[in-house]
Structure formats: C-alpha cells, structure tokens
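Hey, can you work out the whole structure from these sequences and the hints?
Protein chains in written order, with full-length UniProt numbering: chain A, 1 to 298; chain B, 1 to 312; chain C, 1 to 362.
These are calculated hints, taken from the structure and not from any lab test. We put the beta carbon where it would ideally sit given N, CA and C, even for glycine. Treat the hints loosely; a few may be bogus.
Said to hold, decoys possible - Some, not all, of what chain A presents toward chain B, calculated at C-beta under 8 Å:
no., residue
1, 20
2, 32
3, 130
4, 230
5, 252
6, 261
7, 272
To be verified - The list that follows gives simulated cross-link-like pairs (lysine to aspartate or glutamate, EDC-like), each with its CA atoms no further than 20 Å apart:
no., chain 1, residue 1, chain 2, residue 2
8, A, 204, C, 93
9, C, 177, C, 119
10, A, 101, C, 355
11, C, 275, C, 302
12, A, 204, C, 15
13, B, 299, A, 45
14, C, 128, C, 184
15, C, 261, C, 119
16, C, 73, A, 257
17, B, 274, A, 152
18, B, 299, A, 105
19, C, 73, A, 189
20, B, 253, A, 257
21, A, 101, C, 15
22, C, 130, A, 188
23, C, 130, A, 190
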Amino acid sequence: MPDSRRPRQVFKNLAAKIAAIPMILTATVVFVGGTLWTVLYSFTDSKLLPRENFVGLAQYERLWSSSKWIISIQNLFIYGVCMLVLSFVIGFVLAALLDQKIRFENTFRTIFLYPFALSFIVTGLVWQWILNPQFGIQGVVRDLGWENFTFDPLYNPDIVIYGILFAGLWQSTGLVMCLMLAGLRGIDEDIWKAARVDGIPMWKTYLFIVIPMMRPVLITTLVIVATGIVKVYDLVVAQTGGGPGIASEVPAKYVYDAMFLSQNLGQGFAASTMMLLAVIIVIVPWAYLEFGGRKRHG
Amino acid sequence: MASTAIDYAGAPAEPLPQELAGPRGARPRRLLSRRNIFLYGTLTVVAIYYLLPLYVMVVTSLKGMPEIRVGNIFAPPLEITFEPWVKAWSSACTGLNCDGLSRGFWNSVRITVPSVILSIAIASINGYALANWRFKGANTFFTILIVGAFIPYQVMLYPIVIILREMGIYGTLTGLVLVHTVFGMPILTLLFRNYFASVPEELFKAARVDGAGFWGIYFKIMLPMSLPIFVVAIILQVTGIWNDFLFGVVYTKPDVYPMTVQLNNIVNATQGVKEYNVNMAATIITGLVPLIVYFASGKLFVRGIAAGAVKG
Amino acid sequence: MGAVSVRNLCLNFGEVEVLKNLNLDIEEGEFLVLLGSSGCGKSTLLNCIAGLLDITDGQIFIKGRNVTWEQPKDRGIGMVFQSYALYPQMTVEGNLAFGLKNARVPKDEIARRVARAAEILHIEPLLKRKPAQLSGGQRQRVAIGRALVRDVDVFLFDEPLSNLDAKLRAELRVEIKRLHQQLENTTMIYVTHDQIEAMTLADRIAIMRSGAIQQLADPATIYNKPVNKYVAGFIGSPSINFIDGQLEIGSDPVFRAGETKISLARYQFSGNGPKPGAVTFGIRPEHIFIEKAASDQPFQAEVDVEVIEPMGADTLVWSRFNGSELRFRVDGQHPVKKGDRVMVGFDPARASVFDAQTEMRL
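Take a look at the structure:
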C-alpha cells in the first residue's frame, strides 16, 4: 500500500510515469481531445480551414439531405448485415470443419487466413480484375458459350456493393474462422465426451451446447467485425472508387472526400461524428454485457 | 523396471479366454467415408476459392497484353514474360511520375522500419510500466487508450493534421511514423501489458530485492524473456503499417507516398491504356512483403491476431 | 463372463504404446478402481471402455455383448467427468433430460427418471437452476444424475472428485459408496490417483503403471501383499520403508543388512519360495512400534531420532537403520525428540520382501 503521508509523492515511481507519458498524451490529446474537437467543430461552418462560427445542426441537416450520404449509409447497411451474417456462418462452418481432427489442418488454415495479411488495396484491385466484365468471370463464361451470361457487379449500380462484399468476405472470413477456431478449442473436451455418451448428434451438440458456450468469443468477434465494417474505406477506393457514379460510396469515404477533396471540413466533421455514433451504438451494449456481466458473476 | 510376469493376486481362478467371437480392434473405417468426402471436399473447394485470386494475379502478371486480350484470365500463360514486373517496378506511371513502384517500395520501407521500432519500443515500455509498476491513474489512461482503439480513425483525422502542422511535420515521413506509433499503441500496449502481467511476480520482486530499478529490470529481465511476444508485435506492426492506405494518403505528400497509395494511383490512373499485366504485377509486388511475413511466421501470426482480438 | 470384460486391449498413439495388451474382468455389481499416477493410462482405459477412444487391438464386452465397435451411447454406460462437463446453458433438469429427449424417450418416462435421480442425489431443489449457480459438489451430483437417468448398469467415473476441496471430496466419496450400495447389481469403474479414494471405495483395485496393470486385487491384499516394489511404494502414506540387503537361507530364511539379521521364519513367501540373493525389505511405518510395544515384537533394534514431524494425532519420526532411512509413527502424545535413542520393533511377517533385480515380491 502506498503511504500517502510520504513526501514527494510525485517522484515515487517516477520512471514508470515518464514511461507512460506517450500513452497519456495519446489517450488525452489525440483520442479524447481529437474526438471532442471534431464533435465540437461539426457544429461550425468550417470550409477549407476550421473556424469557430457555430451554426447548430446545419451541417447535419445538409448531411442527411445529401444523396451521396444516404447512399453511403444504405451501402454500409447492406454491406454490414451481409458481411456479419456471411462471415459468421462461413467462418464458423470452416472452423468447425477444421476442428474435426483433420489432416493438413495447418495448410487449410494458412490458405483461409492469408488474404487477411494483405492490404485492402491489394484485395480490391485483384477483385476488380476478376470481376472485370470483359476479361474476368463474365468474359470467361461468355467465351464458353453462354453468350448472354451477365456478371458485372462492379459496373451495375444496383449490385455494386455486393461486388465489394465478395472481396471483403474473401479478405476477412479467415479472421472470423481463426477466432472461432480458438473458441472451439477452448471448449472442454469432456463436454464433447459427455454429449457422445448421451447420444447427442454432432449438429445438435454444436447448436445447443457448443455455440451457446462460445458466447464470449462470438461477441468479441462481432465487435471486431462490426468496427471493421464501419471503417471500410480502402477496399472501396481500390475496387470501384465509389462508382459507378456514387453507387458504392461509404461513410468513411464521404468523410475523406469532404475533408480533403471538396474543402468542406464541416461536412467531414459531421459525417465522422455520425460514424462515431454508430460505433458507440455497437460498443456500449457490448461493454455493458462484458463488464456489467463480469461483475454479476464475481 | 522389469515387470515381466505380472501376478494378478485375487484374479479369477479360471484363466481368461484369449480370443472371443465378434468385432475386434479399431472400428472399421473407410478412407472414402461419406463424412470424409464431405469434409475434405468442402475444405478443398473453399481453399480453391481462396487461392484463386492469388493464382489469377500471378498468371496475369506473367502474360503479355495481347494474350490477355484474347485469352482467359484463368488460363496459364502461353508465353511467360517478366516484362510487366520490370515495368511495374521501374517505369509504371502514377499520373504524377513514371518511375514505377520502386519509389513507393522504398518509401514504405522508410515508413515501416522506424514506425515498427518506435511503436514497439514505446508500447513495450508502457505495457511493462502498466503491468509491473502500477501508479495512480494508470488504469484510467489505459482504459481510455483501449476504448480509443474503437473510435473510427475518421474522427481523429483532422485534429492530427492540425497537431502535425503545428509541429511542422505535416506531409513528412516523420509525421506518418508518429501517427503509426500513436494508432499502434492501444493494441501493442495491451499485448505487452498482458504478457508482462503473466510473468511471475516473484521474479520481479526478487529483482527489486537485488537492487534493480525500472530500467534495469526491463532490459535485464523482461526483455530477454519476452522475445516471442516481440516477434508477435513485429509481425502485427509490419503487416499493419505496410498495408495502411488511409494514413499514408492523408498525412504524406505524393513524393513520399507509401506503396499502397502509389499502387492504387498506378492501377486506377485514369489516363492511358490499361495494362492489366503491369497492374497485377504491381499488386503482387505490394502484397509480397506481408505475404512473406505471413507465410514465414505461421503460428505466430495467428497468435498475434488472437492476442489482439480475443483479449481485446 | 462379468459385467465388463476387456480382452487383449492395445492402444497406440502413433509409435507410442499407451495401453499394452490389457485384460480385465469386472463382476456384476463390483466397484473397481483404476489407480495410478498421472500418465499411467487409467483414464485412457476408461475412455476406451466408454467408446470415446478407438482402440488399436483387442475386444471389449459389456454385459456379455461385444461392444468393441459400438458407439458410446449404445454401450449401456453412464459416465461422470472430472470437469463435470455439464451443459452450461441448460438448467439442471435440462441437463438430466437432454440425452433422453434425443433418444426419444416418452415425456412421462423422462419425468419419472429425472425425479428418481433427483431424489437419490438430493438435488430436487436445484432442478431449475443453471450449473453456474451451483457449487462444485452440487455440480458433480448433477453430473452423476446425468449418468443415473440413462438407466444403465455400468457407471464410469473419470476422477470425479479431483476438482473438489478435501472436505467435499470426503463427503461425496461416502455418497458414491452409498449410491453403489443402493443401486443393486450396478457395476462401477472409477478412475483416481488418490489412494484414499481407492482404498475406501473399491471392491478391487487395479494399480496401473505405463499402460499395464501391476496388480489387481482387493484393497487389503494390495496394502498387505503388494506384488512388486512399485505397488508397495505407491500405496500407503507415509510410504513404506525400504531396506536393501541380502536374503540368506540357513535353517530359516534370514534377511541380512550389514550386521543386522532379521529372521523371516514366519514370512509367507509367494509361489517359488525363498531364493538367496540381493533383496529389498519393505516395512510400513505404521507396523513399527517403539519402546514397550516394541519389546512384544519378534524383531527389535535401536535407532537414533533424526527429525520429528508432529501431525496432531500422531508423530512421524525419521531415523536411520543400517544406512537406510526408517520412518515410523508414534502416538502424538508420546514424548520423542531429536537425538533420542529409541527401541523400535516390528513383525517381519507383516513385511514385504522384493527381489532386488526384478523388484517382484518374494
């Protein structure tokens, strides 16, 4: 116990305090300070440079009446829901298959995870090429004789976001699989034995016993995937540049374009504040479940 | 020990019959059971789906443009040419200059190396201070740091522009290195804090009794015994920083753009005829560094994301 | 044939032989304990009997039926695990009923069996709770209940009490014994590394070491007539004293260590009778008496007290006899202190003599 009456409190543990200065600066100046600054300036009419001319919610009204922003939100929603559902289902199935004491487990895992090591830019460009209507999958199938075959997601405004989803899934399902596999490996072997003695079929064991037991891993994965979805930016820039037209815009790109291309800082601040809000909506219930729950169980 | 003839004292008097009718040994198992066909079949199909883009990249980069125009993207090259690789490396145009990816590659090296060293040095010392030298308020700042990791970068983009401009390093490599150090801090600090916290406290106490101080314990005891976690951190940072696009495009100027930004500018440049083979060669070259790190590190890479994710 | 029979069972993991040509016959209604230190293969053997591990060679019979290739659920067994392995998201009732529901047992039959198991194990008030809300002892009762509702005659216990603290362990031990007496004709196979559990519960104990059974016998035989030096050293706490020396055969067989001679005239030699040569003489600490009581014993000697360990009820005394360490117990009230020279005595008929070469009992 530290003795509070001891003089020179400040100098106690001085080296540790000095070592923590970068963390303290990062936490206070960049994270807290930067966030508050952006939220504050989202209520101004800053253009090329930030200025303290407060205009209330005007930037937000403009934001929500901008069709580019609305499309960004719709895209993010479609991309997010599909990404969550598909990456969880595929990731879990792959993890469960790898958990069957199979041969070449390491080889398969290495193959499923390698896209995760790549940059979103690389991923976006490869899939841009594969989905190229002239030379890519569509072209190949047409050359095989199906002259009317159409598969050009990157050039069709209605489905362009699914083209991006394709690439996004390719890149991040491996991560979900890896986390799920870690979760499966954490399940007590005796549970499986007990279920076998009880004569419970494997799919029922997964569905009613194992998946409920993996709740912590599932929630953590959910938070990681969800925050990743909100941040999606590079993939779109590389794969479609937001096109055709503005059909594949996403919020993160809206922010960048407003701040650094169209000299409209206020819009950028408002849009990024909305993104922050979205993340808070994801994080707060999780933090409540995680930490509120921990207290309950002691 | 030699225990040849085992005497079952109290065993049944009658000798055990040696062999009885019915099944014996392991359950019969066919190599091609329906389960195995399903299991390996599914895994193989998915593996092919995962490998296909890599294959297409490589194949395309080795073809000449005429072959690409008439052929199939999945077909292996009829005539292998390394021309696209050479061009991608030394003379592809970004719209601003035409000296290829090599400039971006060296920029990325100049960004990645100091960023990795600086971020790991700061985070490991910080994690050590948090784990072993708790001081008042430390946990508050740490919590803010971890929560901050979930804030979308977009929220902090502009304030950092102002900070860097005030420091006079906006648009320079130094500025970008600093940004990577700041944003790498939450995950790395968590990684090191958890690792150092798992080192037996007795060891730490013994060192203190022997008169070692903050730095003495860090350099003489903690550092030598935590090599694996440093390797994990290096893998995490090298791939993360090399793959970064957003910070590169926001905080640097065109002549110091990292490789990813330059790659995107080459491939998505609007003017000129699209040279798909050069584009794919450039894409592979950019992906090569993280891929090499990934395949060389194997399990440590998995450990890195597990440490970052499951405990985060 | 008994309730459970194991014939020539071998199990290899790759190159490693985990179980080596095991044979075992367990009678109906018997309580058999598989005892050994960790890594001896006792849990592995149990898993093989349950069908949770595929064996390499051999056969397994349960109630006269060859179950070598059967699935665990079809073998007519119930199993209790060290980590309880309760399904955490289900209530106690759900845990008990889940297997039965899957086997499409009629609803009223499930209710009847769950009620019976709950009554036997005194867990009726817990039926609506989830495992996380139970104590370790309660959880293990539920785990036993899950085996009980399966209405089988063979129960397999895999170190069921190892996760509990000492007091609970003693309580549940008695309860398992009571359960065995209550359920007639129920065979129990129980794996443990705790010799007290083994001695108190077992009808017979099989002591295992590196995949082979060393001795299979009732607890008294294992304690009094260990078949080899390993078993002698494994059973008993504090462990048996070993004294190295020579077996000489004059008119009577005599154990000689240095100048000391111990007559083995009344010692019951096994099968082949005494054979001269190097031997190890084993005598349990609790069979050594001191002072007055020692003089009633056939053999006496004087030893110096080196260390004493008072344990309340009795005191463990460490001394030296012919260069070998000699431990013995004295009453806790008895005044002994370091440096005392005391007279000790014992009956060589209660000792065990092992061949120094083969380590087998003579």
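Tested hints:
1. 20: holds (5 Å)
2. 32: Result: holds, 6 Å to nearest chain B Cβ.
3. 130: holds (6 Å)
4. 230: holds (6 Å)
5. 252: holds (6 Å)
6. 261: violated (11 Å)
7. 272: holds (4 Å)
8. 204(A) - 93(C): Holds - the C-alpha atoms of residue 93(C) and residue 204(A) are around 18 Å apart, at most 20 Å.
9. 177(C) - 119(C): With Cα atoms ~16 Å apart, residue 177(C) and residue 119(C) stay inside 20 Å; holds.
10. 101(A) - 355(C): Distance ~46 Å between residue 101(A) and residue 355(C) Cα, so the pair is violated.
11. 275(C) - 302(C): At roughly 28 Å apart (the allowed maximum being 20 Å), residue 302(C) and residue 275(C) break the hint.
12. 204(A) - 15(C): Violated - the C-alpha atoms of residue 15(C) and residue 204(A) are around 35 Å apart, more than 20 Å.
13. 299(B) - 45(A): violated (51 Å)
14. 128(C) - 184(C): violated (29 Å)
15. 261(C) - 119(C): violated (61 Å)
16. 73(C) - 257(A): Violated, because 63 Å separates the two Cα atoms, which is more than 20 Å.
17. 274(B) - 152(A): It holds: about 18 Å lies between the C-alpha atoms, which stays within 20 Å.
18. 299(B) - 105(A): Given that 20 Å is the threshold and the Cα spacing comes to 12 Å, the pair holds.
19. 73(C) - 189(A): holds (17 Å)
20. 253(B) - 257(A): With a Cα-Cα distance of about 16 Å, the restraint between residue 253(B) and residue 257(A) holds, given a limit of 20 Å.
21. 101(A) - 15(C): OK: residue 101(A) and residue 15(C) at ~18 Å, within 20 Å.
22. 130(C) - 188(A): Distance of about 17 Å is within 20 Å: holds.
23. 130(C) - 190(A): holds (18 Å)
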